[in-house]
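J.: So the sequences go chain by chain: A and B. Going by my numbering, the first residue of the first sequence is number 1, and it counts up by one from there. Going by my numbering, the first residue of the second sequence is number 413, and it counts up by one from there.
It should be emphasised that the hints constitute simulated quantities derived from the structure, not laboratory data. Any given hint could be a false lead.
With beta-carbon atoms standing in for the labels, derived distance ranges [to be verified]:
1) 507/B / 4/A: 37 to 43 Å
2) 869/B / 369/A: 28 to 34 Å
3) 679/B / 242/A: 35 to 41 Å
4) 396/A / 598/B: 56 to 62 Å
5) 597/B / 54/A: 52 to 58 Å
6) 322/A / 801/B: 48 to 54 Å
7) 73/A / 711/B: 36 to 42 Å
8) 371/A / 494/B: 28 to 34 Å
9) 3/A / 775/B: 23 to 29 Å
10) 762/B / 54/A: 39 to 45 Å
11) 329/A / 724/B: 26 to 32 Å
Calculated cross-link-like contacts (lysine-lysine; reagent style DSSO-like; alpha-carbon spacing at most 27 Å) [as the list claims (entries may be wrong)]:
12) 325/A / 567/B
13) 666/B / 627/B
14) 5/A / 722/B
Note that CB positions come from ideal geometry on N, CA and C, so glycine has one too.
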Amino acid sequence: MDYVKLINCMRCGMCLPTCPTYKETFLETASPRGRVALVRKIQEGELDQSERLLEYLSLCLDCQACATACPCGVNAGELVAEFTCERKAGNRMGFMEEMVLRKLLPHPDRLETAMIPMRLYQRMGLQKLVRTLGVLKMFPKPIGRMEGLLPDLPEKPLRRVIKEDMPARGETRGTVGFFLGCVMSLIFSDASHASINLLTALGYRVITPKNQVCCGAPNMLAGDKAGLKTAARKNVDIFSNLDVDFIVTDCGGCGAELKKYGHYLEDASSISFSNKVRDISQVLAMHADALKLLLKPLLLKVTFHDACHIAHSQGIRREPRDLIKLVPGLTYRELENADACCGSGGTYNIEKPEMADLILHRKLGTIRATGADVVVTGNPGCMLQLKKGLMDYLPQVEILHLTELLARSMDA
Amino acid sequence: MNPLFIKELQAIVGEPYTLSDRESLAVYGYDATPELENRPGAVLLPGTADEIVRIMQLCHGAGVSVTPRGSGTNLSGGSISDSSGVVVQTSRLNRIIEVDEENLTATVEPGVITSALHRAVEARGLFYPPDPGSMNISTMGGNVAENSGGLRGLKYGVTANYVMGLETVLADGSLLRSGGKVVKDVAGYCLNPLLVSSEGTLGFFTGIIVKLIPKPQVKTTMLVHFSKMRQAALTVSAIIAAKIIPATLEFLDKVTIKCIEDYAHVGLPLDVDAVLLIEVDGHPVVVAEEAAGVETICRKHGCSFFQTAKDADEALKLAAARRIALSALARLKPTTILEDATVPRSCIATMLEVIQDAAKKHNVTIGTFGHAGDGNLHPTCLTDERDKDEISRAHKAFDEIFDAAISMGGTITGEHGVGLAKKKYLPRLVGESGIRVMRGIKHAFDPKGILNPGKIF
Ligand SMILES: Cc1cc2nc3c(=O)[nH]c(=O)nc-3n(C[C@H](O)[C@H](O)[C@H](O)COP(=O)(O)OP(=O)(O)OC[C@H]3O[C@@H](n4cnc5c(N)ncnc54)[C@H](O)[C@@H]3O)c2cc1C
Ligand code: SF4
Ligand code: SF4
Chain A
1 MDYVKLINCM
11 RCGMCLPTCP
21 TYKETFLETA
31 SPRGRVALVR
41 KIQEGELDQS
51 ERLLEYLSLC
61 LDCQACATAC
71 PCGVNAGELV
81 AEFTCERKAG
91 NRMGFMEEMV
101 LRKLLPHPDR
111 LETAMIPMRL
121 YQRMGLQKLV
131 RTLGVLKMFP
141 KPIGRMEGLL
151 PDLPEKPLRR
161 VIKEDMPARG
171 ETRGTVGFFL
181 GCVMSLIFSD
191 ASHASINLLT
201 ALGYRVITPK
211 NQVCCGAPNM
221 LAGDKAGLKT
231 AARKNVDIFS
241 NLDVDFIVTD
251 CGGCGAELKK
261 YGHYLEDASS
271 ISFSNKVRDI
281 SQVLAMHADA
291 LKLLLKPLLL
301 KVTFHDACHI
311 AHSQGIRREP
321 RDLIKLVPGL
331 TYRELENADA
341 CCGSGGTYNI
351 EKPEMADLIL
361 HRKLGTIRAT
371 GADVVVTGNP
381 GCMLQLKKGL
391 MDYLPQVEIL
401 HLTELLARSM
411 DA
Chain B
413 MNPLFIKELQ
423 AIVGEPYTLS
433 DRESLAVYGY
443 DATPELENRP
453 GAVLLPGTAD
463 EIVRIMQLCH
473 GAGVSVTPRG
483 SGTNLSGGSI
493 SDSSGVVVQT
503 SRLNRIIEVD
513 EENLTATVEP
523 GVITSALHRA
533 VEARGLFYPP
543 DPGSMNISTM
553 GGNVAENSGG
563 LRGLKYGVTA
573 NYVMGLETVL
583 ADGSLLRSGG
593 KVVKDVAGYC
603 LNPLLVSSEG
613 TLGFFTGIIV
623 KLIPKPQVKT
633 TMLVHFSKMR
643 QAALTVSAII
653 AAKIIPATLE
663 FLDKVTIKCI
673 EDYAHVGLPL
683 DVDAVLLIEV
693 DGHPVVVAEE
703 AAGVETICRK
713 HGCSFFQTAK
723 DADEALKLAA
733 ARRIALSALA
743 RLKPTTILED
753 ATVPRSCIAT
763 MLEVIQDAAK
773 KHNVTIGTFG
783 HAGDGNLHPT
793 CLTDERDKDE
803 ISRAHKAFDE
813 IFDAAISMGG
823 TITGEHGVGL
833 AKKKYLPRLV
843 GESGIRVMRG
853 IKHAFDPKGI
863 LNPGKIF
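The task is simple: from the sequences and hints, build the whole structure.
T.: Written out as structure tokens, the structure is:
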């Protein structure tokens, strides 16, 4: 780990009010400033890697709200993730981790045929479930367990049914490669379907290579840098062979990871790959005028939740809002603290259900205050988390991916 | 810390809110002050004022020191405890008890975040002006204890100008109520001004009543460039001499401008030597008149560029450079030493020259920005704590800057407080008699010396 990145923190505290876990606990150990200090003190030998210290660090969601707020360019979430990754890299993988990371994620066919792959992924989190942490004694037991997190799965994952090459409709504007996120393909295939439809309707030929593999984000979380690099290499090679203008994804988490390939692999092809990666909202927003002509009225009250991996990691905030507002008849309501994490954080909601629930409930409160019928977002992790929360507490509110909303308006 | 004593503390605030593990103590050893750190003996997060009373009683009896802490953003080491002391963080006492529209007051608990109070009162067309750069995280207790200023200080004053009443727990746990909602009060010594800026050394605030004013109707934002720093400094003095009191009159120097441009490309030309951000607010007719006056003065002093924001969006854009000044500077080097030497406004030009000379003489990079209208500049030294030689040169440069400020009739700190960081400079400013009187006051409030010991003098 780069020591300078740690001492760049000037302890100003500007990140504290944006950190979901600080907001719930007011504890310095659960704040970005405190996390940077803890990692720094380990590096300096002042603290050792005690169980307790690791538990404090594990409370970070890696939502990167702190990075957006930091005047010094410090990214506490990333530093904690990097530290955890480096530490875990020395450890042997657990059975479940090995199974998911090495045997399933790199092989989409197996992933899809594995009994209920997402349950496995969830269990990987459950395995690590620890609830001894003093911090959490402050709070009541989890309000609703996250067991029911998994919504109904589509009959077939999108990767199985999608045509590898979809021609543009109307005049051809260009060609894009489509990156299929695992969770999008396996669980939210309707949304990715909608994404591809919107792209072709706007004149893009869409190529979705079937041999592409998981973006590698789960490997990073588990400290499996080698697995991450293998995945990155494979994806870069596949897409580099195609002549595409952009590589588009409708998964915020994948997008953030794909944009880092250049940094991980440091060669010309991966840097060029990363430079071409776009969140779907970025590409659609480029053609707002054309898109507007395709949209029909939807009489809905809609609000928008910024996914951490889109707003904080990729700095994209304006485009999705502009796109939602294109839909005729729709009333847009801005969400208070729209870019505050929903508590999903990968497998966080399974590993730290108490904290995740508190964060989710704060989010649900702001959603209720907007009076919206629909919450739109751009990341499958948030969709899972919010879907569960809404089902239990605000069943009248629907959650949609941005492209689902737009496609619905197009098909209305 | 003695485990039995910790048990007694736990009995007051509850186990989850009593921290004594190594890791927690390690991260409560610092605040936003560079180079200062010391682990406390325990950290408490009480949930009620009554718990604070009981903590004080217990610690007073045991002779254990107590250091109040808001969000730990002060820049003078004010919330750093001694090794055997207890840090008491107020974040959970964060209720806005009342906004009284008839008396134009707000009553808050000490852990209320400054900007949360802004939002609450502005929703009712009212205004609480003090807006420190840290307002999104600083607490009202911290603001009162440091007498914090902000960007609107020139016209609206600082925290002290708004504190009307305080509920303070004294060192022995007894309660002191001073002031209240009355606008006039001459019953005995005026205690509020003593308690404001007491840096946690005289008492623990558990309730704060502040004055509110009506929200100004309109605001005009102007951005002005100068190719010579002196022109900008003279413009500041000329505006005030013309009896115009802008709400904001902020300054950026060349080093800061270059950092901002490198970092954010906001379109500041690099041949510009100084930038002023000026805001006038109030009644529309007066605002228009004052804005015109400001423009005339700026042009007369040879500004190279003058822009008035057409709407709120543009105002935000014009203010962007000032807003990101600290970020832009802080990114350049790992360690940022932000000072707040303050001089009478008429001396701004001379002070800026002193800062530049000191930086050159000691070969350190200092960017200066700040509240020029208040004579309160933030010379900010960009350095690296690992480079001991550079750090010691930075301190030498600041020594000269503070001496110069004192000789101009200024002060060593305009808003950050003395704490630990400026202790050694205070006698130079207030002299032996000043220190003696302050010690006497401390003794009257806290004879055992258990409240935030070791700070100020
Ligand atoms: C980026 C940045 C920008 C800043 N900008 C400004 C600025 O523009 N203007 C300005 O004036 N300051 C500024 N500051 C300094 C700092 O934010 C202020 O001093 C602020 O008031 C501190 O509030 P806090 O809640 O963090 O208090 P802390 O730092 O926790 O405590 C400050 C002092 O107050 C005492 N204290 C806290 N609560 C209580 C209480 N309830 N009763 C008694 N004593 C108490 C503490 O013991 C300590 O001595 C800035 C700091 C940073 C990091
Ligand atoms: S991480 Fe950034 S914002 Fe947070 S305390 Fe450190 S420097 Fe300040
Ligand atoms: S990444 Fe999120 S949870 Fe982690 S420190 Fe930053 S703001 Fe807090």
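J.: A separate judgement is required for each hint: does it hold in the structure or not?
T.: Structure-based check of all given hints:
Judged by the Cβ atoms, the range 37 to 43 Å given for residue 507/B and residue 4/A holds: they are separated by roughly 41 Å. Checked against the given bound of 28 to 34 Å, the beta carbons of residue 869/B and residue 369/A, roughly 50 Å apart, lie outside it. Evaluation of the 35 to 41 Å hint for residue 679/B and residue 242/A yields a pass: the beta carbon distance comes to about 39 Å. Between residue 396/A and residue 598/B the C-beta distance comes to about 60 Å, which sits within the given range of 56 to 62 Å.
Between residue 597/B and residue 54/A the Cβ separation comes to about 55 Å, which falls inside the hinted range of 52 to 58 Å. One distance hint, 48 to 54 Å for the beta-carbon pair residue 322/A and residue 801/B, holds here, with the actual separation near 52 Å. Distance hint check for residue 73/A and residue 711/B: the Cβ-Cβ separation is about 38 Å, which falls inside the suggested range of 36 to 42 Å. Checking the proposed 28 to 34 Å range against residue 371/A and residue 494/B shows it is violated: the Cβ atoms sit about 52 Å from each other.
Taking 23 to 29 Å as the suggested C-beta distance range, the pair residue 3/A and residue 775/B conforms, at roughly 25 Å. Here the CB-CB span from residue 762/B to residue 54/A is close to 54 Å, at odds with the stated 39 to 45 Å. Here the CB-CB span from residue 329/A to residue 724/B is close to 28 Å, well matched to the stated 26 to 32 Å. Using a Cα cut-off of 27 Å, the hinted pair residue 325/A and residue 567/B is violated, with the two alpha carbons roughly 41 Å apart.
In summary, the hint linking residue 666/B to residue 627/B is not supported, as the alpha carbons are separated by about 34 Å, beyond the 27 Å threshold. Between residue 5/A and residue 722/B the CA atoms are separated by roughly 40 Å; this puts the pair beyond 27 Å, and the hint is violated.
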